[in-house]
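*Asks:* Residues per chain, in single letters:
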Amino acid sequence: MSAVDISNLGKVFNPGAPNQVDALVGVDLSIASGEFVSLIGPSGCGKSTLLRLIANLLEPTAGSISVNGKTPKQARLDQDYGMAFQQSGLFEWRTVAKNIELPLELKGWDKNKRRERAMEMLELVKLADFAEHYPWQLSGGMQQRVAIARALAVHPPLLLMDEPFGALDEMTREHMQGELLSICRRTGTTVVFVTHSIPEAVYLSNRVVVMSPRPGRITKIVDVNIEGERTDATRDNAAFFGGITAVREALRGVEMSDHVRGIEDR
Amino acid sequence: MTSRLLAFLRNIVPPVVFGVGFLAAWELVVKGFDLKPYFLAPPSKIWEMFTTNFDLVWGATKVSGTNALVGLLVGTAFGVVMSLVLSRYKVLNELVTPLAVALNAIPIFVLVAVLNNMFSITSEVPRRLMVTLVVYFIVLVNVARGLTQVSPTHVELMRSYAASEFSILRKVRVPNAVPYLFTSLKIAAPASVITAFVSEYFGGSQNGLGSRIASNIANSKNAVAWAYVLGACLLGLVFYTVSSLLEGVATPGGGTKRVRRRVRST
Amino acid sequence: MKRLRRVALFLGSLLLVALAWELYKLVGPETGGKVFGWNLLPRSNDQAMPHVWEMLSRYADPEMRGSDRQIWRVVLAGAWFSFRLAFVGFFVGTLLGMSLAVLMARFKVAERGILPYLVVSQTVPLIALAPLVVSWGGKIEVFGWSWPRWLSASVLGAFLAFFPVAVGALRGLQSPSAASVELMNSYAASWTQTLFKLRLPASVPFLVPALKLAASASVIGVVVAEISTGLKGGIGRLIIEYAREATSDPAKVFTAVFGAALLGLAMSGFVTLADTFMMRNRPKEATA
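Protein chains in written order, with the working numbering: chain P, 1 to 266; chain V, 1 to 266; chain U, 1 to 288.
Only chain P is shown next, with the shape it has when bound in the complex:
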């Protein structure tokens, strides 16, 4: 059973009104369990919209999605996924540990079990010493790690991430990419990852889904053929550069006449 099954998905904002936007049209995508898939494309291609449709934060206007064999709504109610955003979104009035406990509180977990699980997640992201700190006492990268720990707190099979490393500097970003991969390897989580950065998409993913705007659709799905585990050495690997080139070409082919905005080439 695939983790996420998307069939002929469409999303139109303000249908019939003069400011109608065809955010997504005819999207078909199947994501296998344990896969890491990136969504990349210029501004307005619908990648964030697609993520939110999977998360049941938006309703589709056409087509269907199934998450973990259920409707997105059921998956949300069952907490089958965790979500991370570009702004870490940690609550500044809660300690790091209490931030991670938030989804567990909402599910009515017992106090001791919450504490246990929070500490377990902090171990996973290597921030156990910071349990009683407040988010503003942590660096940007550390805050994102806490956000990831929170997203994984309920041990969901699926992780949805919307440019979580976008606000970090380059060095921290590369470091976080490595951390994320190692965590996902250990937990076997399926990941759908939205990004603006081609190297980031290629480094992290099994497949890169290239999208284009007006209307939002999938142009091409690039298979990333890097052998073995990804490490720092992978960034000097020929297959890595091959993947980058393939994705870049797919993006260039998006709209030859249109100016492609919002893509990082570094």
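No lab work stands behind these hints, which were simulated from the structure alone.
Any given hint could turn out to be false.
Claimed, not checked - 25 Å max Cα-Cα, derived DSS-like pairs, lysine-lysine: (1) Lys31/V x Lys90/V; (2) Lys113/P x Lys284/U; (3) Lys98/P x Lys111/P; (4) Lys221/V x Lys31/V; (5) Lys90/V x Lys2/U; (6) Lys73/P x Lys107/P; (7) Lys284/U x Lys2/U; (8) Lys62/V x Lys221/V; (9) Lys107/P x Lys197/U; (10) Lys284/U x Lys197/U; (11) Lys73/P x Lys197/U; (12) Lys98/P x Lys197/U; (13) Lys111/P x Lys284/U; (14) Lys284/U x Lys98/P.
Claimed, not checked - Just some of the chain U residues that point at chain V, by a computed CB distance under 10 Å: (15) Leu4; (16) Gly12; (17) Ala110; (18) Pro131; (19) Pro176; (20) Thr247; (21) Leu262; (22) Met267.
Even for Gly, the Cβ is constructed at its ideal location relative to N, Cα and C.
Fit chains V and U to the given chain P structure using the hints.
*Replies:* Okay, now just chains V and U, sitting in the frame of chain P:
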């Protein structure tokens, strides 16, 4: 175009409906429960009193309004001058600011009791002095902040041009302070009306709105008192609207929304 | 060290004010004067403007001829009486303000309908209603319980405190970022859960300035109500009473005026303590 009209209607209709509904309910409650006139008068009676006694109300409004206006103008003038002095001599700034903070917390209008003794019994000067004092501190604190909290980059730039302190004052500090001045006026204007009112409760000349309201209540003429209250509200609204418009004209692009307010809320 | 410096400077500024007062007494016209033909200058004789030390020493003397109650006791008792009234008003006004804010946050229609009036009411002299509210005292009887006169003072205080709290609390409740709200949606949290776990804690930095306004508003409301009624026991009444004796005992009214200042400072101090407690775990750079 229609969406803008819809948005406008959506913002106008609820408050109008609420306002009308409130007045209607008021009228019904008074009539329905047959409330005694010394307790609560119905809106219809108030309006009747307002129109029949309009001359009296207008006369009283002029007295209170003049007190408020004189105090507002003089207080602003002194406040601006003093803030210029404060911005030049930092020590004075440090002396005055804690005093201003403390004064903000206390009901300084009680000083009118003292001021009344220092002038003749029919003089309006104690009230005007009181308003001046209140306005002075509001304007002083805000404009001083505008003069001192300039972007360090701008000051550095001017220093690199070997500009004199006076030049920096003219070209950087004063333009920076102008929005603060107008925002403080928006606060000082209603405060001046309120202070003018409250000052009238301490005895002295009985020609203003505050005294009229009190004496009419004492004579159980509630509807008439409410008519004066209506006059008072209109006076306050006019002061606020004018100062708002001034702000809009003098600071295109909006005043300082983040000007911290030293203010009396009544 | 910094705090000590601030206190020293504050006392210094008070000293300057006292000096300015005495200086005017020295050079100002005894029977008042004119500036540009207007009677602007106050009288500087000892009757209209007692010396600063006279004001301070007055505290030790008895309140009235024949009474052996020292005036500082009377003033302090008056200030304490008014403080309690203001506190009740502040508390009730804050509670009601926050409740309305929650209602407006829940129902957009309520916000659109009510908020404009809340904002406008802060520019209008609500204090004009003081005599009205006060007149209800002694006239309402419900099931044999008659409206105690002091309640009018607290009601006025609550009324004035209500508006800034409602506006500030609403702003705070609406302050969380879209991402934070989406996060709570992704947890399938109910509106109430989102209220308690996200919106209320997020509104605290916005409540801080609103509560300061509410504190000073409730003090103003109570003092004005006391002055309108002559409510026995409060500092407002003392001010009016002593002001009447100004010809024979000029320093007396100042004792009460300083008492009122103390009242305001006490209320503000209380709110500052509450604020510090509420913001204890927050980054020092507060918003709003």
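*Asks:* Now tell me, hint by hint, if it's right for this structure.
*Replies:* Against the structure, the hints:
1. The suggested pairing of Lys31/V with Lys90/V is violated, with an alpha-carbon distance near 62 Å, which exceeds 25 Å.
2. For the given pair, Lys113/P sits about 32 Å from Lys284/U by alpha-carbon distance, which is inconsistent with the 25 Å threshold.
3. For a cut-off of 25 Å, the pair hint linking Lys98/P to Lys111/P stands: about 11 Å separates their Cα positions.
4. Distance check on the hinted pair: Lys221/V and Lys31/V sit about 17 Å apart at the alpha-carbon level, within 25 Å; holds.
5. Using a Cα cut-off of 25 Å, the hinted pair Lys90/V and Lys2/U holds, with the two alpha carbons roughly 16 Å apart.
6. Taking the CA atoms of Lys73/P and Lys107/P, the gap is near 16 Å; set against the 25 Å cutoff, the hint holds.
7. For the given pair, Lys284/U sits about 17 Å from Lys2/U by alpha-carbon distance, which is consistent with the 25 Å threshold.
8. Of the supplied pair hints, the one linking Lys62/V and Lys221/V holds, its CA atoms being roughly 22 Å apart against a limit of 25 Å.
9. Proximity of Lys107/P to Lys197/U is assessed by CA-CA distance (about 13 Å); at most 25 Å being required, the pair is judged to hold.
10. Of the supplied pair hints, the one linking Lys284/U and Lys197/U holds, its CA atoms being roughly 21 Å apart against a limit of 25 Å.
11. Between Lys73/P and Lys197/U the alpha-carbon distance is near 22 Å, which keeps this suggested pair within the 25 Å criterion.
12. Taking the CA atoms of Lys98/P and Lys197/U, the gap is about 11 Å. The hint holds against a cut of 25 Å.
13. Between Lys111/P and Lys284/U, the direct Cα distance comes to roughly 30 Å. Violation of the 25 Å bound is thereby established for this hinted pair.
14. For a cut-off of 25 Å, the pair hint linking Lys284/U to Lys98/P stands: about 20 Å separates their Cα positions.
15. Below 10 Å, beta-carbon pairs count as interface contacts, and Leu4/U has none with chain V, the closest being about 12 Å; its hint is therefore violated.
16. Hint status for Gly12/U: holds, given a least beta-carbon distance of 6 Å to chain V, under 10 Å.
17. At about 8 Å, the closest approach between the beta carbon of Ala110/U and any beta carbon in chain V falls short of 10 Å, and the interface hint on this residue holds.
18. A least Cβ separation of about 4 Å between Pro131/U and chain V falls short of the 10 Å threshold, and the interface hint therefore holds.
19. Proximity of Pro176/U to chain V is violated relative to the hint, the smallest CB-CB distance being about 19 Å (cut-off 10 Å).
20. The criterion of a C-beta within 10 Å of any C-beta in chain V is met by Thr247/U, whose closest approach is roughly 8 Å, and the hint holds.
21. The beta carbon of Leu262/U is positioned within 10 Å of a beta carbon in chain V (closest approach about 8 Å), and the interface hint is therefore held.
22. For Met267/U, the interface hint holds, the least distance from its beta-carbon to any beta-carbon of chain V being 7 Å, beneath 10 Å.
In summary, the structure is inconsistent with hints 1, 2, 13, 15, 19 from the numbered list given earlier, while agreeing with the others.
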